[in-house]
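**Q** One-letter residues, chain by chain:
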Amino acid sequence: AQSVTQLGSHVSVSEGALVLLRCNYSSSVPPYLFWYVQYPNQGLQLLLKYTSAATLVKGINGFEAEFKKSETSFHLTKPSAHMSDAAEYFCAVSGGDDKIIFGKGTRLHILP
Amino acid sequence: KAGVTQTPRYLIKTRGQQVTLSCSPISGHRSVSWYQQTPGQGLQFLFEYFSETQRNKGNFPGRFSGRQFSNSRSEMNVSTLELGDSALYLCASSSFDSNTEAFFGQGTRLTVV
Numbered sequence: 001a002q003s004v005t006q007l008g009s010h011v012s013v014s015e016g017a018l019v020l021l022r023c024n025y026s027s028s029v030p031p032y033l034f035w036y037v038q039y040p041n042q043g044l045q046l047l048l049k050y051t052s053a054a055t056l057v058k059g060i061n062g063f064e065a066e067f068k069k070s071e072t073s074f075h076l077t078k079p080s081a082h083m084s085d086a087a088e089y090f091c092a093v094s095g096g097d098d099k100i101i102f103g104k105g106t107r108l109h110i111l112p
Numbered sequence: 001k002a003g004v005t006q007t008p009r010y011l012i013k014t015r016g017q018q019v020t021l022s023c024s025p026i027s028g029h030r031s032v033s034w035y036q037q038t039p040g041q042g043l044q045f046l047f048e049y050f051s052e053t054q055r056n057k058g059n060f061p062g063r064f065s066g067r068q069f070s071n072s073r074s075e076m077n078v079s080t081l082e083l084g085d086s087a088l089y090l091c092a093s094s095s096f097d098s099n100t101e102a103f104f105g106q107g108t109r110l111t112v113v
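Those protein sequences? They're chains A and B, same order as listed. Residue numbers for the first sequence follow the working numbering, so the first one is 1 and each next one is one higher. Residue numbers for the second sequence follow the working numbering, so the first one is 1 and each next one is one higher.
Treat each hint with caution, since some may be false.
Just a sample of chain B residues kept apart from chain A, beta carbon distances all over 12 Å, derived [claimed, not checked]:
hint	residue
1	G3
2	Q17
3	R67
4	N71
5	E75
6	L90
Facing chain B, from chain A, some residues (calculated, C-beta under 7 Å) [unchecked claim]:
hint	residue
7	G43
8	L46
9	I100
By construction, these hints were calculated from the structure, which means they are not laboratory data. By construction, the Cβ of each residue, glycine as well, lies at the ideal position given by its N, Cα and C atoms.
Given the sequences, and given the hints that come with them, work out the whole structure.
**A** Laid out in structure tokens, this is it:
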């Protein structure tokens, strides 16, 4: 079975600062890993995904994530935060049983 | 290519009533999953359908049910509504199996009064 833990339900960063959203996963099989973003009253939009190719995955809007098997982590980063990045971010894992399991989400606040 | 379409976008129902939500997946996608999103519980998996068969089910009571039609469109039904069923219900479709990326609709906001 798979599970996902997102550290921090709320993260605040200043505009222009580094964004780091943490995600740790558990999976008994090689996982597929995803980051999704949700803006208010919208569905989820895929930011990026890891499917066992390159361990550093680049996504949309300048985000990237690095798969670290030894740490069972898939943290999301962006070098410079923009006000438009304020949203809720979900890490998700899938593998073996055709289900995608989501973390509880991290709400990112951008301070002017 | 049209995205995932959920109807209606907003719904207000009274306790005890039943409700049916609809989801039209991206053309060619055969897997449809449903999620309930609430502030307290986050995103919770309801069930997943693939080629008209329920392939996975989350931990929800039997009042929550779903089905998928031959054209991959899916419906979910909630009977005997409770106040706690108020949530954003999200539908996601994927092309082959759930291990590929899921594309989400905008959701149906259900309010039970």
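**Q** If a hint holds in the structure, say so; if it doesn't, say that too.
**A** Hints, one by one, checked against the model:
no.	hint	verdict
1	G3	9 Å, violated
2	Q17	23 Å, holds
3	R67	18 Å, holds
4	N71	21 Å, holds
5	E75	17 Å, holds
6	L90	6 Å, violated
7	G43	4 Å, holds
8	L46	5 Å, holds
9	I100	5 Å, holds
Checked against the numbered hints above, the structure breaks hints 1 and 6 and satisfies the rest.
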